Amino acid sequence: MTNSLLTIITFVPLLGAILTLLPWGKWLGLDKAREERLIKNGAIAISLLPLGLAIALAAGFNPAAAGFQFEIKVPWITALNVHYHLGVDGLSVPLIFLTTFLTTLGLWYSARTIKTRVREFFFLFLLLETGMTGVFVSLDLVLFYVFWELGLVPMYLLIGVWGQPKDKPQYSAIKFFLYTMAGSVLMLLAIIGVYLSVGTFDIVEAAKLKPFADNFLMASLAFWAFFIAFAIKVPSWPFHTWLPDAHTAAPTAGSVILAGVMLKLGAYGILRINLPIFPDTFKAYGLVVVILGVISIVYGALVSLAQWDLKRLIAYSSVSHMGYVLLGAGAAGLAVGSKELVDSGAMALNGAALTMFNHGISTGALFFLVGVIYERAHLRDLKMFGGLSSKLPYYYGLFAVTAFTSLGLPGLAGFWGEFFVFRGAFDIVSIWAAVGVLGIVLTAAYILWKIVQYVFLGQYDPHKIEHWTDPATGAEGHEPTDVARFEKITLWPLVFFMVLIGVFPAVLLNFFNGTFVALLTGLVGK
Amino acid sequence: MTLNDLIFLRPELILLVTAIVLFILDIAGRRPDPVTATRQPKPWLPYVALIGLAAAALGLLPGLGQTAQVATMLAADPFAIFFKALAIIGVALVILTAIPYMRTRTPYRGEFYALLLIATVAICLAVSATNFVMLYLAMEFLSITSYILAGFFREDRKSGEAAIKYFLYGATASAVMLYGMSLLYGATGTTDFGGVAQALGKLGGSDLVWLGGPAIILMLVGFGFKASLVPFHQWAPDTYEGAPTPVTAFLSTASKATGFAILIRVFLVALGGLQPLWAALLAAVAILTMTLGNLTAIRQTNIKRMLAFSSIAQAGYILIGVAAATTGGSAAASPFGGVNGVLIYLLAYLVTNVGAFAAVIAIENRSGKVAISDYAGLARRAPWLAVTLFIFLLSLAGIPPTAGFVGKLFVLARPCARR
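For the protein sequence lines, the chains are E and B, in the order given.
In this text, residue positions in the first sequence follow the numbering used here: the first is 1, and each later residue adds one.
In this text, residue positions in the second sequence follow the numbering used here: the first is 1001, and each later residue adds one.
If you're looking for bench data, these hints aren't it; they were derived computationally from the structure.
Keep in mind that a hint or two might mislead.
[As the list claims (entries may be wrong)] Below, simulated DSSO-like cross-link-like pairs (lysine-lysine); rule was C-alpha separation at most 30 Å, straight line: (1) E:K210 x E:K283; (2) B:K1369 x E:K175; (3) B:K1369 x E:K168; (4) E:K391 x E:K488; (5) E:K383 x E:K175; (6) E:K73 x E:K210; (7) E:K166 x B:K1042; (8) E:K166 x E:K488; (9) E:K488 x E:K383.
[Unchecked claim] Computed spacing ranges between beta-carbons, pair by pair: (10) B:G1377 x E:H463: 35 to 43 Å; (11) E:P75 x B:D1156: 34 to 42 Å; (12) B:K1042 x E:L21: 58 to 66 Å; (13) E:G397 x B:R1366: 49 to 57 Å.
None of these values were measured; they are calculated from a predicted model.
Just so it is clear, CB atoms sit at the ideal spot from N, CA and C, and this is done for glycine as well.
In isolation and in its complexed conformation, chain E is listed as follows (with noise of 0.2 Å):
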């Protein structure tokens, strides 16, 4: 059962998958909104399931075990030596949790606001989960590469689909599938190379082997392929441009996964691949990931700060917090090898990891607050809005949390992130650590000026917006309506792990730091 925990995870959506394309209405004897209802609760009932599994995968997680745990390793194709090897450590547990948690809160929402084509919907959400998943439990690179790509179909489908027309999601849609496609090449061929240069296709051992030890060109080479891939998913600067488009057509839960998830797979590509695989490649390029870093971080803040499009503003926000987290990636890769820096590496890695989940907890919220208003406005122009804390005041309260969390108010999840990481990267490569501050000032800025006093603050002018829907009901109206009642459903559940992570950071961290630490310790000894 241990043996064969990840692979019930990784596989139930699928299953739930195939199970929402059979054609129940005509079994059940059910009419059209029936068998839609029906497809929609049964989905999110399948995503239950992964989500307690979850769960308790990090209950029986022990941090303190060195190592992969839960692992299976099963020959899968032979000729090529590829095995089915999964398995998790301190890094990829609470991201799997990240996943599952999201996966069921998009379900959820997006069964009370997906009005058309529902079943295709829900089976590509499924399909989605099983794509992302499967890249935080595989530790063998055709594996890896076969989720990675997985993932990327549905994704592209949601957002074409299911898209604003208004948004060009058609567009959108391509421009992502194209953007990620291109990296996915270069990765493929980075992948060949490693197998050829060591003859493995496993991670674990890949990371022993150290492809291409004798051959800098080859490293440096299979590095960048591998690091241009993850960074376009990430999306860093200036591989970015991709992100605000496929933001601002996707449907809310697709926006809630593009950032939460998938996002976070360039990152833990970076750090589950890069880190360990090519150290002494990371070490002589650490600079460049920094300054890459860097420069998402102030960039990607600078250009939110002048945007009039909510779900735009978000999406270059997310290219800044993304940012933080190659920061971090790049001080530890700097800090390879070398004894007395171990503890800041690991501390950047900390921060990096940590900014990884709060970002899918915060960002996600963020992006449901945006569909909760959409819903109602059916526009997002900040121009249009302005003194709606007098008119929902629980929704009022609800983006505040999130916002502050988003810009790392003390207290709050964010804020533990971007600490750690400047506690890593100041002791490593401090003048790019100061320069990257600015993009904490830059946070506050946008979040503050932009959204909060925008949207929320000043005198509410009902000639801006005149037409109204509530989305419980359907109903028309002249004055919007507060938060209802599934979308208290959704969001409550992200303010808890915001406020929890915010005084209690302890509960990542515990599978963070130990993973870390030995990695780094790891690396030292070489």
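Using the hints, position chain B against chain E.
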């Protein structure tokens, strides 16, 4: 040639006999309808063809794992058996897609299936030829059958255009190729692949390059025409568009695979000593082919033309595997060694592309439309057809977990391993 040799020719003989039987059955006992004055073909004829193909496939089985020389000009080896099996599977799939397609379009259906079987015989001979004379005859045999198939709809102007273009290009290409072969014969005094390799081995340095180089380029025109490599691809889009769609499926899979089989055998066996020369040439052609094929495919508005350009691009990928092929040595033993990648890619490509064309045929049958814009909303109207077509297209794009991905993985791994 002894009776024993005939045993190795079982598939070819079975197919030939079935084809002749089909011709006879098609005409036998058929009277024009007294009212309409048209003759009704027998609906069960394609199934006879399928039975023949199945029997031919069974006929391949005893030869598995054996290597023999048949009648001095043909090889019975695993390589030939692979391509014969590929052609038989491909043609069987094409016939299955053709049954509903031909039923509504022409009364002369019996000979269509017979011609497909004859084309299969030609493929079987071409992929096992080890002599330039045999090779040329088999290729002409295949080409002439294909011209007829491409122009099978006599009343349709586009089908006629497809056939005439294919014929003009094909005749020219085959003449140029024959000239290349004659150069090799002049230099070596033999038309046998093994003999050519031996004689070339005795030549050295610049002699080898000046004799072999032109021969390689000239023969590549002929092989490249069959495999639709750039710059010998110009016939493909028009022929693919105008030909009956099952014929397009045939030309883009079984016929194209034959081009690669011949290319591999001639270049690796007869011209193995010139590998540095042709490997560089093929690499350049591969890059041209995939780039031009893909870039042009983006602009297409007709699904058959788009698939035509896509199949040109696919030929480019396959050619990478040929250019980087290894013979002997430890590298050949690795899973990426030899021409493994090419064979895996071709098999994956065959099922994928025939599948894509089957979906196109299914849509064309019901709507009569082949413009990509007409496909809008297909997921609504025919969800299962849309899903299968989507999977075929993903496989053509090489997205895992589809066969197309495995093919690309193997083909791309090969040149990486050579460094």
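Results for each hint:
no. : hint                         : verdict
1   : E:K210 x E:K283              : 14 Å, holds
2   : B:K1369 x E:K175             : 28 Å, holds
3   : B:K1369 x E:K168             : 27 Å, holds
4   : E:K391 x E:K488              : 17 Å, holds
5   : E:K383 x E:K175              : 28 Å, holds
6   : E:K73 x E:K210               : 21 Å, holds
7   : E:K166 x B:K1042             : 55 Å, violated
8   : E:K166 x E:K488              : 28 Å, holds
9   : E:K488 x E:K383              : 26 Å, holds
10  : B:G1377 x E:H463: 35 to 43 Å : 39 Å, holds
11  : E:P75 x B:D1156: 34 to 42 Å  : 53 Å, violated
12  : B:K1042 x E:L21: 58 to 66 Å  : 40 Å, violated
13  : E:G397 x B:R1366: 49 to 57 Å : 56 Å, holds
Checked against the numbered hints given earlier, the structure breaks hints 7, 11, 12 and satisfies all the rest.
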